[in-house]
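Based on the sequences and whatever the hints tell you, model everything.
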Amino acid sequence: MTDTNTQPASAYDLSHETEVENVATFTLLVDNEPGVLHRVVGLFAGRGYNIESLTVAETDRRAHTSRITIVTRGAPHVLEQIEAQLRKVVSVRRVHDVTRDPNGIERELALVKVRGTGTERVEAMRVAEIFRAKVIDTTSESFVFEITGGPSKIDSFVELMRPLGLVELSRTGVLSIERGAEGM
Amino acid sequence: MTAHQTIKKADSAAREMTGAQIVVQALIDQGVSTLFGYPGGAVLPIYDALFQETEAHGHRLRHVLVRHEQGATHAAEGYARSTGKPGVVLVTSGPGATNAITGIVDALMDSIPLVVITGQVPTHLIGTDAFQEADTVGITRACTKQNYLVKNAADLPRIIHEAFRIATTGRPGPVLIDIPKDVQFSKADYYGPDEVTFSHAYAPRTKGDPGKVAEAVRMIANARRPVFYTGGGVINAGPRGAELLREFAALTGAPVTSTLMGLGAFPAADPAWLGMVGMHGTLEANNAMMVAIGSRFDDRVTGRLDAFSPGSKKIHVDIDASSINKNVRVDVGIIGDAASVLEDMIAVWKAKKYEANRTALDSWWRQIDEWRARRSLRYRPSNEVIKPQYAIERLYALVKDRDHYITTEVGQHQMWAAQFFHFQEPNRWMTSGGLGTMGYGLPAAVGVQLAHPDSLVIDIAGEASVQMTMQEISTAVQYELPIKIFILNNEWMGMVRQWQQLLHGERYSHSYSESLPDFVKLAEAYGAVGIRCEDPAELGDKIRQMIDTPRPVIFDCRVEKAENCLPMIPSGKAHNEMILPDDWDTDLTQVIDEAGKKLV
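Listed in order, the protein sequences are those of chains A and B.
Going letter by letter, the first sequence gives residues 1 to 184 in my numbering.
Going letter by letter, the second sequence gives residues 185 to 784 in my numbering.
Treat the hints with caution; some may be incorrect.
[Unchecked claim] Below, computed lysine-lysine pairings styled on DSS-like, alpha-carbon distance capped at 30 Å:
(1) A/88 with B/396
(2) A/88 with B/391
(3) B/269 with A/88
(4) B/745 with B/584
(5) B/584 with A/88
[As the list claims (entries may be wrong)] Pair by pair, the computed Cβ-Cβ distance ranges are:
(6) A/160 with B/382: 48 to 56 Å
(7) A/59 with B/242: 47 to 55 Å
(8) B/395 with A/20: 24 to 32 Å
(9) A/73 with B/378: 44 to 52 Å
(10) B/395 with A/137: 57 to 65 Å
(11) A/111 with B/313: 32 to 40 Å
(12) A/47 with B/225: 30 to 38 Å
[As the list claims (entries may be wrong)] Not everything, but these chain A residues come out facing chain B in the computed CB check (under 7 Å):
(13) 38
(14) 39
(15) 42
(16) 46
(17) 47
(18) 81
(19) 84
(20) 85
(21) 134
(22) 135
The hints are simulated quantities; they were obtained by calculation from the structure and are not laboratory data.
Using N, Cα and C, we set each Cβ at its ideal position, and we do this for glycine too.
What follows is the structure, given as structure tokens:
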């Protein structure tokens with residue numbers, strides 16, 4: 001793109017690569033029916049939006065609703081467009097932008113496998129204590145830690161474990177809910 | 185996970201039927217009188233129920249047998265667009281469903297209400313790669329407004345009635361219902377449209393925000409160069425939408441332009457009409473902006489976004505919230521139905537006693553008249569060959585006083601039809617705008633003629649497009665539908681040829697229509713009537729002959745082969761940097777720069 005204006009030269013240049021991208025977390029309440037996840041994921045794939053993490057589970061069996069939390073990234077007006085597109089899906093009941101909500105809470109769970117002996121093993125255990133990670137499996141040369149927290153806390157933990165023998169990482173993706181007494 | 189059943193028990197109304205009978209009964213209760221389809225193994229129970237329904241009740245639900253499932257969807261689109269009612273399609277599993285998909289995507293892009301019923305292999309065979317099995321709901325999830333796989337006949341009444349509601353309300357679109365064969369055989373109670381409770385919390389917003397409406401009207405009242413840029417949303421809002429647009433335009437004194445999809449909402453005969461906006465729109469329509477109503481700032485309209493009316497204030501009314509601020513940032517975005525919002529705007533205008541700013545408008549109209557004086561739709565007439573523009577002008581002159589409907593294929597002929605055929609009423613113009621589907625026009629004409637048996641229905645076609653769904657002329661012959669296929673035959677995929685001339689150094693790669701059929705003989709082979717015209721002097725008489733023939737006609741109108749469709753906003757140029765007919769003698773191959781050549 002040659003222009004630095006706010007509008008790209010053509011609809012075909014709507015990549016917005018020059019714009020600042022933000023991370024956003026959307027929480028969706030959807031009808032729990034076959035294909036509903038595909039509708040949401042397909043919308044992201046079909047329109048070229050990123051999915052950084054995705055969690056989904058039924059949350060109300062009687063009302064047949066599931067909750068989907070999607071972390072995505074994009075320029076502000078792309079995020080606005082994502083929200084509008086999500087609202088259009090017939091099976092989507094509610095859409096909430098957690099990132100823009102001061103009361104939004106985000107949490108993630110990770111399982112982290114670390115292999116090492118001697119001082120590295122002691123250091124891994126010490127870091128885990130600081131982060132209040134739980135040891136859920138151990139052998140003479142490895143640990144599996146369970147850690148919960150905001151995504152950045154987990155990122156920091158993983159970075160500290162890397163030089164200490166990080167073997168494998170499994171993350172749930174972000175879950176979110178609002179502070180206070182009100183429901184979605 | 186199974187779909188849940190929330191139907192209220194009302195024993196007095198309940199009647200046990202097979203799934204197939206439920207389908208037929210639900211269609212009747214939805215007021216469906218015409219259905220386009222093609223039978224096959226997985227829908228035979230529904231076809232059997234249709235047979236029995238006709239034996240018992242005559243033709244209150246007419247099934248129209250097409251020749252290819254794509255034809256069924258386009259015919260249903262033509263039916264829907266010309267009546268405002270949903271189009272209904274019935275096809276079988278596997279290839280039946282996949283063949284229907286082009287029309288389904290077309291309907292999604294152009295906001296046409298369709299309910300498409302597909303057969304599916306029996307539930308116990310789903311996932312086994314059974315004969316004629318395809319994952320129809322998987323394939324169509326991205327190209328329908330909503331779709332359903334029905335695994336239990338008891339869910340059918342709710343799903344079918346909900347499908348009609350979703351297809352026809354909010355931003356209309358296609359809804360698909362996939363019904364396995366065993367579900368068509370199994371029995372369940374039937375419930376009518378008022379007896380079912382929908383399972384989706386679907387409630388499209390139709391009323392615009394009053395504060396934003398008031399703000400928009402204030403801006404319009406103060407605007408020095410206002411223009412209404414209207415789209416298919418005004419047509420979809422029903423006849424009332426077009427009436428209100430006319431009323432509001434008269435109150436404000438503002439000119440009106442429209443997208444391809446919106447033609448007819450504002451009468452072309454009105455002095456305030458500027459012609460079509462966009463890539464092949466008129467100069468005057470492309471130089472001012474804008475109160476956008478039911479139009480979506482499509483890339484065919486805007487051209488270069490950074491140069492798209494940068495200084496103007498923009499108001500955008502759309503029933504689809506995701507259309508607002510998608511391609512162009514607007515100052516006021518109003519989510520709502522075009523007719524409802526126009527009604528509110530008119531009420532505010534009158535309540536506030538706003539008056540059109542005559543002084544500003546006078547100078548605005550002088551500017552518009554200067555642009556009009558450049559006659560951007562000019563072409564070089566000829567006595568030797570039929571100019572395609574002339575052909576459309578003659579056609580218009582000879583049919584304008586009759587009750588008529590026009591469909592088109594896609595390409596140069598479509599743009600010439602949009603430029604030179606003038607529409608005075610909504611729902612009279614059926615064209616594939618968003619998807620740009622060659623092969624749309626002929627089956628669409630079949631659907632239109634079924635809905636309007638006594639009207640003149642003309643498919644303005646190109647010789648390449650029309651061959652994509654030519655088989656549907658057989659449907660027209662079977663049902664005695666006197667559609668007219670008016671082919672502007674230039675022996676080229678004309679728009680492809682034009683782009684190759686402008687963008688690809690005149691390297692005409694595979695755009696020449698080799699081995700064309702003799703369209704007159706082809707018409708006769710199908711049992712239709714063929715007419716050929718090569719001489720401009722004979723054109724009027726032959727068009728009259730076509731109009732007076734009470735049977736389907738294929739009119740092979742041989743036109744100038746290398747004519748370009750102008751004006752044109754070249755790729756990568758702004759909406760007001762047009763190639764005008766003044767540029768006849770410039771080298772058109774040099775007009776578009778390298779960056780522009782990469783665009784579509």
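Task: Hinted contact residue 85 of chain A with chain B - closest CB pair below 7 Å - done: holds (5 Å)
Task: residue 111 of chain A paired with residue 313 of chain B, Cβ distance criterion 32 to 40 Å - done: Cβ of residue 111 of chain A to Cβ of residue 313 of chain B: about 37 Å, so the range 32 to 40 Å holds.
Open item on the list: Can you verify the interface hint for residue 135 of chain A: is its Cβ closer than 7 Å to any Cβ in chain B?
Closed with: The hint is violated - residue 135 of chain A has no Cβ within 7 Å of chain B, the shortest such distance being about 36 Å.
Open item on the list: residue 81 of chain A was flagged as interface toward chain B. Is the shortest Cβ-Cβ separation under 7 Å?
Closed with: holds (6 Å)
Task: Cβ separation of residue 59 of chain A and residue 242 of chain B, checked against the hinted range 47 to 55 Å - done: holds (51 Å)
Open item on the list: Hint validation: residue 47 of chain A versus chain B, beta carbon distance must be below 7 Å. Holds or violated?
Closed with: With a closest approach of 10 Å, the residue 47 of chain A hint is violated.
Task: Pairwise hint evaluation, residue 391 of chain B against residue 88 of chain A, where the allowed Cα distance is 30 Å at most - done: Given that 30 Å is the threshold and the Cα spacing comes to 16 Å, the pair holds.
- [ ] So, residue 38 of chain A near chain B? Judge it on the closest CB pair being under 7 Å.
- [x] holds (6 Å)
TODO: Indicate whether the distance between the beta carbons of residue 395 of chain B and residue 137 of chain A respects the range 57 to 65 Å.
DONE: holds (59 Å)
TODO: State, for the Cβ atoms of residue 160 of chain A and residue 382 of chain B, whether the hinted interval 48 to 56 Å holds or is violated.
DONE: Taking Cβ atoms as reference, residue 160 of chain A and residue 382 of chain B lie about 52 Å apart, which means the hint holds.
Task: chain B contact restraint on residue 84 of chain A - CB to CB distance below 7 Å - done: Because about 4 Å separates residue 84 of chain A from the closest Cβ in chain B, which is inside the 7 Å limit, the hint holds.
- [ ] Could you grab the alpha-carbon distance between residue 745 of chain B and residue 584 of chain B and see if it respects the 30 Å cut-off?
- [x] holds (27 Å)
Of the numbered hints given earlier, the model fails hints 5, 17, 21 and 22; all others are met.
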